[in-house]
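Once you have looked at the hints, place chain B on chain A.
Chains A and B, in that order, give the protein sequences. Positions 1 to 114 (this note's numbering) are the ones given, in order, by the first sequence. Positions 1 to 263 (this note's numbering) are the ones given, in order, by the second sequence.
Calculated from the structure, these hints are not laboratory results. Owing to the predicted nature of the structure, the values given are computational and were not obtained by experimental measurement. It is possible that part of the hints are untrue.
Unchecked claim - Cross-link-like lysine-lysine pairs, in silico, DSS-like; alpha carbons within 30 Å at most: (1) B:Lys-228 / A:Lys-77; (2) A:Lys-66 / A:Lys-16; (3) B:Lys-228 / B:Lys-106; (4) B:Lys-151 / B:Lys-76; (5) B:Lys-106 / B:Lys-76; (6) B:Lys-106 / A:Lys-68; (7) B:Lys-245 / B:Lys-261; (8) B:Lys-96 / B:Lys-151; (9) B:Lys-228 / A:Lys-68; (10) B:Lys-106 / B:Lys-96; (11) A:Lys-77 / A:Lys-16; (12) B:Lys-96 / B:Lys-152; (13) B:Lys-261 / B:Lys-152; (14) B:Lys-261 / B:Lys-106; (15) A:Lys-66 / B:Lys-151; (16) B:Lys-76 / B:Lys-96; (17) A:Lys-77 / B:Lys-197; (18) A:Lys-16 / B:Lys-152; (19) B:Lys-197 / B:Lys-151; (20) A:Lys-16 / B:Lys-151; (21) A:Lys-12 / A:Lys-59; (22) B:Lys-197 / B:Lys-152; (23) A:Lys-12 / B:Lys-152; (24) B:Lys-151 / A:Lys-12; (25) B:Lys-96 / B:Lys-228; (26) B:Lys-261 / B:Lys-228; (27) A:Lys-66 / A:Lys-12.
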Amino acid sequence: MHELSLAAEVIKLVEKEAGLNHASAISEITIEVGNISGIEAEPFESALRILTEGTMLEKSSLNIVKIKARGNCLNCKSDFEMNFRMDTCPQCGAFPSEITGGNEFRVVSMLIED
Amino acid sequence: MCEKCGCGEGEGFNIHDPHHSTDHKSDQIQDHDHKHDHGHTHSHEHPHKLINLNVDILAGNNITAAMNRRFFEGRKVLCLNMVSSPGSGKTTILEKTIGHLTRTAKIYVIEGDQQTLLDAERIERAGAPAIQINTGSGCHLDAHMVESALKKLEIETNSLLFIENVGNLVCPAMFDLGENRRVVVMSVTEGEDKPLKYPYMFQTSHLCIINKSDLLPYVDFRIEEAMKHARSVNPDLEFISVSAKTSEGMNLWYDWILSQKVI
Chain A
1 MHELSLAAEV
11 IKLVEKEAGL
21 NHASAISEIT
31 IEVGNISGIE
41 AEPFESALRI
51 LTEGTMLEKS
61 SLNIVKIKAR
71 GNCLNCKSDF
81 EMNFRMDTCP
91 QCGAFPSEIT
101 GGNEFRVVSM
111 LIED
Chain B
1 MCEKCGCGEG
11 EGFNIHDPHH
21 STDHKSDQIQ
31 DHDHKHDHGH
41 THSHEHPHKL
51 INLNVDILAG
61 NNITAAMNRR
71 FFEGRKVLCL
81 NMVSSPGSGK
91 TTILEKTIGH
101 LTRTAKIYVI
111 EGDQQTLLDA
121 ERIERAGAPA
131 IQINTGSGCH
141 LDAHMVESAL
151 KKLEIETNSL
161 LFIENVGNLV
171 CPAMFDLGEN
181 RRVVVMSVTE
191 GEDKPLKYPY
201 MFQTSHLCII
211 NKSDLLPYVD
221 FRIEEAMKHA
231 RSVNPDLEFI
241 SVSAKTSEGM
251 NLWYDWILSQ
261 KVI
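The following block holds chain A by itself, in its conformation from the complex (with noise of 0.2 Å):
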């Protein structure tokens, strides 16, 4: 549900920029979204095709990209993808490991028109 009012506040976040460098309209952006941020990128996404209806970004192609996790095992030091935060690590089971990535949420670019 969350996604919802994140969606919106991306709106709002690029169409200030947006207008700041006065754009006509925005063709695109470009949003980095963690397996573990606590987002989930399908229902953020259909929220965001949903509100764009009537805003700068109605034409606007979204480019989301998805980044997984990575644990450092804190215990074999082995590197591995990691599903969820609380993740074991696959060679030998410790639990907690170093995690690196996968909290992104954030807009990194937008390709806008003049």
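Okay, now just chain B, sitting in the frame of chain A:
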């Protein structure tokens, strides 16, 4: 220069990014090849400009949360954000707490629900000024809503502010309200595996209240097991087991509140 689309300014364009450093080397102009006479209609592709933002989508909320936090610091207010699933007993805990601590400190409550003033009315009856935020279709409170409520509450210095969040163990975890401490409430009628199912909420909380302890003889809930699960997602989490109905354990909760700050 073409007045309609501004092409021709070329290198003079200005990209404003308030959230980022001044390195804009990667800002590019694309499709920017216009060799034409002026005075005609524009049939060419409009230029596209790539703007690098790299801005956290929760930045707006987090900035307001930081301002709320400074407001609390300035007024020496202890602000506790109470989160839980619906029906865990947050409002009853607050009613009891107001009754007990109201002689020690001035208490205020911000109530968050999708609909109705029912909880705010209960809190007012218990003796504390309350502001109700109805989120409508929204599933959580955010820092802007709390900021608006603070403008109405006229909070005195050295007081206690409880924010009773919308009953939901998912969405409120994402939104910093500026609180000093986050308190997650679970009850023994829920599953003891809840911390594993909703790890974000337990991970971001400081204290876990396990409520309805008077019902323990009638349910299969094992407190030790629930604590073990919660510690696996947040080793620093503190626990207090209470029954808001019978007041069992509530003194530990009151002591915890007072130990967070000298009131």
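Taking only the CA atoms, is the gap from Lys-197 of chain B to Lys-151 of chain B under or equal to 30 Å? violated (36 Å)
Given the hinted pair Lys-151 of chain B and Lys-76 of chain B, is their Cα-Cα distance within 30 Å? holds (16 Å)
Lys-106 of chain B and Lys-68 of chain A were given as a pair; does the straight-line alpha-carbon distance stay at or below 30 Å? This hinted pair is violated, its Cα atoms lying about 47 Å apart.
30 Å limit on alpha-carbon distance, applied to hinted pair Lys-96 of chain B and Lys-228 of chain B: holds (28 Å)
Quick one, are Lys-106 of chain B and Lys-96 of chain B close enough, alpha carbons at most 30 Å? Holds, at roughly 14 Å.
Is it true that the CA of Lys-12 of chain A sits at most 30 Å from the CA of Lys-152 of chain B? holds (26 Å)
When you check the alpha-carbon spacing of Lys-228 of chain B and Lys-68 of chain A, does it fall within 30 Å? Between Lys-228 of chain B and Lys-68 of chain A the Cα gap is close to 27 Å, so the pair holds against 30 Å.
30 Å Cα cutoff - pair Lys-12 of chain A, Lys-59 of chain A: holds (16 Å)
Given the hinted pair Lys-96 of chain B and Lys-151 of chain B, is their alpha-carbon gap at most 30 Å? Roughly 26 Å between the alpha carbons, so the hint for Lys-96 of chain B and Lys-151 of chain B holds.
Are the Cα atoms of Lys-261 of chain B and Lys-106 of chain B separated by 30 Å or less? holds (14 Å)
Regarding the pair Lys-77 of chain A and Lys-16 of chain A, is the alpha-carbon distance no greater than 30 Å? At roughly 44 Å apart (the allowed maximum being 30 Å), Lys-16 of chain A and Lys-77 of chain A break the hint.
Given the hint that Lys-245 of chain B pairs with Lys-261 of chain B, does the C-alpha gap stay at or below 30 Å? It holds: about 26 Å lies between the C-alpha atoms, which stays within 30 Å.
Against the hints set out earlier in the document, violations occur for numbers 3, 6, 11, 15, 19, 22.
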